[in-house]
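Colleague: The chain contents come next:
2 protein chains.
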Amino acid sequence: MIGLAPKGLQRWFPILQWGRQYRGPQFADDVLAAVIVMVMLIPQSLAYAMLAGLPPEMGLYASVLPLIAYTVFGTSRALSVGPVAVISLLTAAAISRLGLTDPAQMISAAMLLALMSGVFLLLMGILRLGFVANFLSHPVIAGFITASGILIALGQVPALLGIQGGGHTLIELLHSLGLSLLETLNAPNWPTKAVGLITLLYLFWSRSALAPLLRKAGMSERGSTMMARLSPILAVLGSGFAAWYLDLGAKGLALVGTVPAGLPGLTVPDVSLTMLQALAVPAAMIGILGFVESVSVAQGLAAKKRERIHPDQELVALGSANIASSFAGGFPVAGGFSRSVVNFDAGAATPAAGFYAAVLIALATFLLMPMLAWLPRATLAATIIVAVWSLVDFSILKKAWNYSRADFLAVLSTIVMTLAMGVEAGVGAGVLVSILVHLYKSSRPHVAIVGEVPGTEHFRNVQRHQVVTHPHILSLRVDESLYFANTRFLEDLVYKEVSERPALKHIILMCSAVNEIDLSALESLEAINSRLGDLGIKLHLSEVKGPVMDALRRSHFLHDITGKVYMSQHQAVTDILLAE
Amino acid sequence: MIGLAPKGLQRWFPILQWGRQYRGPQFADDVLAAVIVMVMLIPQSLAYAMLAGLPPEMGLYASVLPLIAYTVFGTSRALSVGPVAVISLLTAAAISRLGLTDPAQMISAAMLLALMSGVFLLLMGILRLGFVANFLSHPVIAGFITASGILIALGQVPALLGIQGGGHTLIELLHSLGLSLLETLNAPNWPTKAVGLITLLYLFWSRSALAPLLRKAGMSERGSTMMARLSPILAVLGSGFAAWYLDLGAKGLALVGTVPAGLPGLTVPDVSLTMLQALAVPAAMIGILGFVESVSVAQGLAAKKRERIHPDQELVALGSANIASSFAGGFPVAGGFSRSVVNFDAGAATPAAGFYAAVLIALATFLLMPMLAWLPRATLAATIIVAVWSLVDFSILKKAWNYSRADFLAVLSTIVMTLAMGVEAGVGAGVLVSILVHLYKSSRPHVAIVGEVPGTEHFRNVQRHQVVTHPHILSLRVDESLYFANTRFLEDLVYKEVSERPALKHIILMCSAVNEIDLSALESLEAINSRLGDLGIKLHLSEVKGPVMDALRRSHFLHDITGKVYMSQHQAVTDILLAE
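Protein chains in written order, with our numbering: chain P, 8 to 587; chain B, 8 to 587.
I should point out that these hints are in silico values taken from the structure, not numbers from a laboratory.
Be aware that one or more of the hints could be misleading.
[Stated by the list, open to error] Under 8 Å between C-beta atoms, here's a sample of chain P residues computed to sit facing chain B:
#	residue
1	Ser103
2	Ala520
3	Asn522
4	Asp557
5	Arg561
[What the hints assert, rightly or not] Listed next, the in silico BS3-like pairs over lysine-lysine satisfying Cα-Cα at most 27 Å (straight line):
#	chain 1	residue 1	chain 2	residue 2
6	P	Lys503	P	Lys448
7	P	Lys311	B	Lys571
8	B	Lys552	P	Lys552
9	P	Lys552	B	Lys503
10	P	Lys552	P	Lys571
11	P	Lys503	P	Lys405
12	B	Lys258	B	Lys312
13	P	Lys552	B	Lys200
14	B	Lys545	P	Lys312
15	B	Lys571	B	Lys545
16	P	Lys405	B	Lys552
17	B	Lys552	B	Lys571
18	P	Lys258	P	Lys223
19	B	Lys545	B	Lys512
20	P	Lys312	B	Lys258
21	P	Lys311	B	Lys545
22	P	Lys512	B	Lys448
23	B	Lys503	P	Lys311
24	B	Lys312	P	Lys512
25	P	Lys311	B	Lys258
26	B	Lys512	B	Lys552
27	P	Lys448	P	Lys552
28	P	Lys512	P	Lys448
29	B	Lys312	P	Lys545
30	P	Lys448	B	Lys448
31	B	Lys311	P	Lys503
32	B	Lys448	B	Lys552
33	B	Lys258	B	Lys200
34	P	Lys448	P	Lys405
35	B	Lys312	P	Lys571
36	B	Lys223	B	Lys258
37	B	Lys552	P	Lys503
38	B	Lys311	P	Lys571
39	P	Lys448	B	Lys258
40	B	Lys312	P	Lys552
Ideal Cβ placement from N, Cα and C applies to all residues, glycine included.
This is chain P alone, in the form it adopts within the complex (with noise of 0.2 Å):
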């Protein structure tokens, strides 16, 4: 079990750890989950490199160095490193910012891209500056991920009918597939939409029916799963086989083509300073939402096995294994959702599985490049739209609305903005709404002017309770910790109570529910208490709690303040009553 977080080497280098007790047993489960997942990855990775508008073959490339490079430095044990759906979107959409046409210099910036991305999680991890991930909240990303899996389903449609068209927003996508579809009508590419069509159908009702069919066929539960999950392997050599059979590449199917059989040399992309400009903010977007989602999944499976992961050591994890894609001459990656799972489910025992994994990936290339040639970009396209078809959910939206405006709010603004100006404003103006949100909600606290229920201690709100209260005694209670954003509420609030309540002489701010009281809290908390002096009011505070009493004692609020800091809520009024 990888339990509290180690020190020195082992905190870096965390297989020193689990490297030291790694036995038979396990080498064998390891090895029999990189097979699974080494068959399940190869057509995936194809079709992400595809996506990302980039050769099918850089997938293959990501696949092998990144995987290898998270074996010495991950602490998942099931996490599985590698080309995924959103964050080959967001490579597609930095890159074809950049306005290049030479693919030699679009290759070269997807490089750079995960090369600064990669930078950019190690220095984040070496800074200990996980918790910028935390900015995205959980129904943002719910809203961006369902709305990228629109954008990216909608932008395989002409690879997998053979026609014309694409576009970053839902807008330009419509329109581009509108009047595609239109000319279409004259030159129908029929052998494309036959091969798309009918792989996406195989790929729909394996991924439903085929596990109940071979569970039916007397095949154990596990077994049928995952053979569910391989079944896309069949489309890419069926789709091949045909293409090769039938020649369709000569009728109009457009196929991947020749590539260099094997693994590149080791290479560094290319750096400019405009370039560097250009990548730095889709980079470090990059880094954030592929480290959200890879610790989103580790954490999950890991807490199934009563096991942990450490978020600042995955930052360096992910880095390594970014720069290690870049140098590998490949993209852009992150733990994905899909593949882990499969990793987690055929067995992984340390994170030595996608060692072997990226070694028979490694081999494989050498075996699959020839093959290569014949794979239609059809089933690739199909291949993408039925993965990210399972992402796209708008249940969240329902949620949201029910459970509270303001995050629903906050989904909302996701989704739209990702439909209608793409995945990167989509993720900018969500990250804002949920703190301006937040932010809002903070600034206008639920406050309770509270009295004590007879016969108890207790101080319960006047509204809801019936409670003993004196006229020159008020008790406010404010649910919220005191900082910049509600400060003012709190003064408006204060000086609204005194205007209507001529007998006044003490009020007590209860605070059990306030956790810090920021700078201008207590300049506030000094303006009220000295006011209220000249109005001949004493200002109290009771149930202050202790990491904010320490707070007030490096200040001279205590010295100034006008009444008294009480233990209770009840030690306060009755104190205050006995004095008269």
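With chain P fixed as given, assemble chain B onto it according to the hints.
Modeller: Here is chain B on its own, set in the frame of chain P:
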């Protein structure tokens, strides 16, 4: 007394409320205050127009209609609206960035800026968006005003000494002043240096020493303070007389020069799409900063008399004042600190005092304009320097350092960025850093593992108190609302504790300090609940607040939770122990 926010027409036109009870004694008080404020406002308005890079007479234009608009719409009895230092500096920065050289175009741009910030404030008021101003925390404002004061004072040195130079950042200013001072050795402009430095010394002296001197001579406390505050008018009259009598204009002293007598007719500034775009951000910033300054001043003065102001209506009033300033040929205005304090101390009884001051200033423009021709610009520069000098106060740095490093970081960023990059970057950096710091702090909340203090029903931190715990029950108290910024922290924490406690069967989250659970946190709780469930560990909640419980009831969580929700932590532990 202005009490609760009134409804209907009176909400939008507070004059209908206080005007109904307007009587003779109030009239006498208001007129006296108006006379005093008028005498103080004339030199200040001229000087701040020059600070904004505009003809001095625009300061008078900006002091008539805005005061009348505020009389109709304002809720503060003391606030005095007109040109203020920081807003004038922001105006200068915004206009200079347009790269205009034609003075007529600059005047038109300043009028447009006033119109835009007025419309912006009016919209915020109608939509009740006053909370946006909360984003400017006290320490950020204090840092910004200090840094602005330095920039303003340095920016006036050229006019004070009759040399060249200027700039919008500390480095630009120091660099150009250094060069100009070297040049001035060859061609010293003695008349300007004499007028500038003598006026400066007189103003500093009168500010600190005049009031005590007058008190010694037998004048009342209030009278001597008032005289000292009005002494700048003597500097204006004296230096103007000297310039005329000695014909210093011919000897190198820069004078204001001939301006048209009286007030201009109502005009509408030129509007173009380019200008609207270029001025949008500065207009919003000027609006918000002006609003924050005005509300702070108005709230402080109102509280002294147990009165209240209505911040949302203040947005309407300030918006109207800026729109009025634009139509009257003025520039952006706000409620100033020093002028409002003078108005308050002079005994202004209602907002009508502002109306009378406006009438007096309008009369004065007819009488004074011919004399303005002889007013030395060096005198105005000295007036500005003395006025802003009191704003420069670095003690906020020390205070913030002692109280909390987070607040210190926000102040320091604001000061450094304002000095290094200019006013807009400074405010932006301050707002950004304070929000980030707040999110960072609440993303790593204080958490305590708690146990029962023997013989009581209280639960306290196991690290601070001798308490009773049970190996199969873990009680966690999180001292923060649960929301997107800390959900990952919570998950990580729970999984860490679970991975370290093999005997664990129950986790109780004590929610007494949880003021909110947003959708992200709800989903985290659902994930935690389900993963703990898989491990045979039950999740319970205790001491959930009313509003939080209301939200949870709108979700499925209360059906899905493996454990129970208890009224108190004591009840939770007792119940779990009994059930065994």
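Colleague: Which hints, by number, does the structure contradict?
Modeller: Hints 1, 4, 11, 12, 13, 18, 20, 22, 25, 28, 36, 39 and 40 contradicted; others consistent.
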